[in-house]
Amino acid sequence: MEDRVVGIDLGTTNSLVAYMASGPSLAQPDAPGKGVFIIPGEDGLNLVPSVVALDLDNQMLIGNDAREALLKSPDRAVYSVKRLMGRGVEDVQAELKLFPFHLAEDLVPGEVLRIHLGERTYTPPEISAHILRQLKRNAERFFGATVKQAVITVPAYFNDAQRQATKDAGRIAGLEVLRLVNEPTAASLAYGLDKKQNGTIAVYDFGGGTFDISILKLQDGIFEVVATNGDTHLGGDDIDNLLIAVAVQDIAGDLGVDVRQYPDAVQRLRRAVIEAKIALSSRDTADIQVELPEGKLYQRRITREMFEQMVQPIVDRTLEPCRKALKDAGLTASQVDEVVLVGGSTRIPLVRRQVEALFARKPHTELNPDEVVALGAAVQANILAGGSDETKDMLLLDVTPLSLGIEALGGVTAVIIQRNSTIPASATEHFTTGVDGQVSVAIHVLQGERELAKDCRSLARFDLKGIPPMPAGLPRIEVRFLIDANGILHVSAREQRSGKEAKIEVQPSYGLTDDQVEKMILDSYDNAESDMLERLLIEARNEAQTILAALVKSRSSEAWKMLSITEQRKVDELESKLRLAMSGDDHNSIQWAIDELNKATMHLAELMMDAAVGSALKGKTMESADVGEGPTAPHPIGKAEFS
Amino acid sequence: MSEKSTGVVNSGLKPEAKKGSDSALQVMNGEHHPHQCWSCGDMRAEHFCGACGHVQPAEPTDFFSFFGLPRKLELDEAALERGFYALSRKLHPDVYSRASAKEQAWSLEKTSQLNDAYRTLKDPISRTEYLLMLEGIQLDEQSKKATEKARASGAEKKQSVPPELLEEAFELNMMLEEAKMGGVDKDLRAQLTATREDLTARLNTMQDELRGAWKRWDSGDSGATARMVDVLNRRSYLCNLVRDIDEVLS
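Those protein sequences? They're chains E and B, same order as listed.
Counting from 1, one number per residue, gives the positions in the first sequence under this note's numbering.
Counting from 1001, one number per residue, gives the positions in the second sequence under this note's numbering.
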């Protein structure tokens, strides 16, 4: 059987993994979602919070467990790491004031960030890889088979460095990333499965950390993005931070406490305002109550009106990208046939009203805004895996969100690929030398819409090397820039007079080099192995404890006395062997001792069972028949939910 | 999908590739130059092989030839779009995600050519500029490239003002200066808006002039290129003026 390709939504706040069955064999006959579904975690929940934490035993916790740990020891947890993907230390100064990120102290501008977590530092792709690995494990448990390939979604407005960082995270997690798909586009695929119709749709995607707007033209299964715009630093996080800031001021004024001194109180406050924000989507008031240090208590009632007044400026920031996207698409708001809402923040009634007012039509909310992107990623995964009846006519034509340029003389940006160009897209430029005998030419590649190079995003600096020495202006170096279907840039060069392939040394401005990624993959394997050994050891010890406790208890039972002396000696001997093994750290020898002890106590267990049945017949309780729990059964495969 | 030796019909063919029912596609794929398919040996392969569906090696080509179109400027934009969609379905990297590395590379290369070609040809102005470039004709100082070049070298851009615009451009520049000095009051705003409307009307007239030049070119009059250069230069001058007004008004 072909390898399964899963769809992953690697979100700022939550992450999900979804799958679309290719053939009728796996397709759920009663599923309205045409066989597309979210794969739940071991806890049965669809959403895996994008939080990674180290517990006190240095075990990596991911998801809901990590979210709990965040409340207790915020300094050992990382959330919203997506905000740091593909960014440098000078980009994130604003974030650092609002998020408890503990960056390594020795970072220099242009270097990939590293975040303290326990005794080590991790790059954002490594943190994201932990989340991806959890999703991979969830999928593997669901299928009972390994999962090696995935489609991962990214905000449409992610730049090259952010995309590359996401791809690196996939590789570190042991996933071959077949495609990066833009989140709003993925959402349109999920909606498109049910509604096979032609027309223009706008996808308004307001998530935890990012905002995207994409305008698509749908025609006979072709999903052609005509324009996209957005803000990679605008989302529910900003609303939370605003509410926290208001509360911090409030508390300082009313109670005279500077909450910012107490990270755990800030995290409790954070959770309380998030709960209030969510409650205000369905109710008119919400109460915030947070315990503060020194026995003080912060209580506040927020009305929806107050809330809307506070967050209005944030919601307003989404409207300008919408207008820009419409302008680039050459459309007016009224020419859009359908509007689709994606992302948790679109549950806020104010957001819905604003979108409805802008486009003068009621937006679609049929699919769960938290899940629709992952479902769309699964649809694209299905297409890449060869397709099925539902997807055979579907094709996604996406665009590059930002113009690609090179720094020209005088520090200005010369655009070579316009934003909103359908990808893959390419451009060919010619360069020459300025000095006789010059053998290399430096090229600075930029992404962005600003006229000056310094205001654009620096993507990479290239040195075209190995140019044969010639008089100035004579070499003719052709450089080809190609943006692939993932929105990632590739560069190749050739000196045309000599026909020589010019060598390029790519220095990504904010990316990991291939060698670094390879090393992280190896590190993660090493760690994965020691992580696994550690887990096996803990499990074996736990199992041994259970058995030994039951054995101690059984010694005072009637059944013990019914054993022969030889049997008793054998059990005693194996008991001490097990205790000895437990003091070591080899899970295999513990497991062996457990098995031996189990075999030796089989007769004892039978006798106790008989006694229990006998006493039950006499009307006694079965309490004394406790023979221990034995190893816990492996978790059964979780039942899929269909939306 | 693995590579198959030449001459063997590939059994992993995509059934829809055989049908060829899309008329737009046949036009687009038909006027290219046929060659032998590397995979199945069929002699009529174009961007992809009609017999086995496999993508063919990418090669440098101009955008008109890529679509199998003659170098003409009047073109049916709806048919171009149909051709673009049909070729996308055959060439897009999505279709080759499980194919050999070689085919994936060709698919990527061909699709980028397809997208670049479609983007250039669907827009009347960029289509005209592209044809002029193919014919080796340089546009004047107002062209976008020239503007960027001038900006890069720090040189003052030469502004050859179209004669019929001399007076209006002069007045407009006065207004823009005034706006920069003292802000935009109601009167000035009304004047600028009126000027903008006038300029937009002139731009629309230019579309017709351009179409007239296209007709001459398409019927074999190579002298039409001079007319096109003239229209495009005046047009880009006008566009710059409109942009300046928009900047001040916003």
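Just so you know, not all the hints are guaranteed correct.
[As the list claims (entries may be wrong)] With the C-beta cut set under 10 Å, the calculated list includes, among others, these residues of chain B facing chain E:
id, residue
1, Ser1107
2, Glu1109
3, Arg1243
[As the list claims (entries may be wrong)] Just a sample of chain B residues kept apart from chain E, beta carbon distances all over 10 Å, derived:
id, residue
4, Pro1093
5, Asp1094
6, Asp1116
7, Leu1132
8, Ala1179
9, Thr1200
10, Val1242
Source of the hints: derived by calculation from the structure; they are not laboratory data.
Beta carbons: idealized from backbone N, C-alpha and C, even for Gly.
Interface hint compliance - Ser1107 of chain B to chain E, C-beta minimum distance less than 10 Å:
Where the cut-off is 10 Å and the nearest Cβ of chain E is about 9 Å from Ser1107 of chain B, the hint holds.
For Asp1094 of chain B, is the shortest CB-to-CB distance to chain E above 10 Å, so the non-interface label stands?
For Asp1094 of chain B, whose nearest Cβ neighbour in chain E is about 6 Å away, the distance does not exceed 10 Å, so it is violated.
10 Å Cβ clearance of Pro1093 of chain B from chain E:
violated, 5 Å
Distal placement of Thr1200 of chain B relative to chain E, Cβ over 10 Å:
At about 15 Å from chain E, Thr1200 of chain B clears the 10 Å cut-off, so the statement holds.
Could you check if Arg1243 of chain B really has its C-beta closer than 10 Å to a C-beta on chain E?
Hint violated; Arg1243 of chain B Cβ to chain E Cβ min 13 Å, cut 10 Å.
Is the claim that Asp1116 of chain B lies outside the interface with chain E correct, judged by CB distances over 10 Å?
violated, 6 Å
Does the no-contact call for Val1242 of chain B survive, Cβ to all of chain E over 10 Å?
The claim holds: Val1242 of chain B sits with its nearest Cβ about 14 Å from chain E, beyond 10 Å.
A cut-off of 10 Å on Cβ-Cβ distance, and Leu1132 of chain B was said to be off the interface with chain E. Does that hold?
The claim holds: Leu1132 of chain B sits with its nearest Cβ about 18 Å from chain E, beyond 10 Å.
Hint status (Cβ of Glu1109 of chain B to nearest Cβ of chain E, threshold 10 Å)
holds, 8 Å
Can we trust that Ala1179 of chain B is non-interface, i.e. its beta-carbon lies farther than 10 Å from all of chain E?
At roughly 21 Å from the nearest Cβ of chain E, Ala1179 of chain B sits farther out than 10 Å, so the non-interface label holds.
In summary, the structure is inconsistent with hints 3, 4, 5, 6 from the numbered list given earlier, while agreeing with the others.
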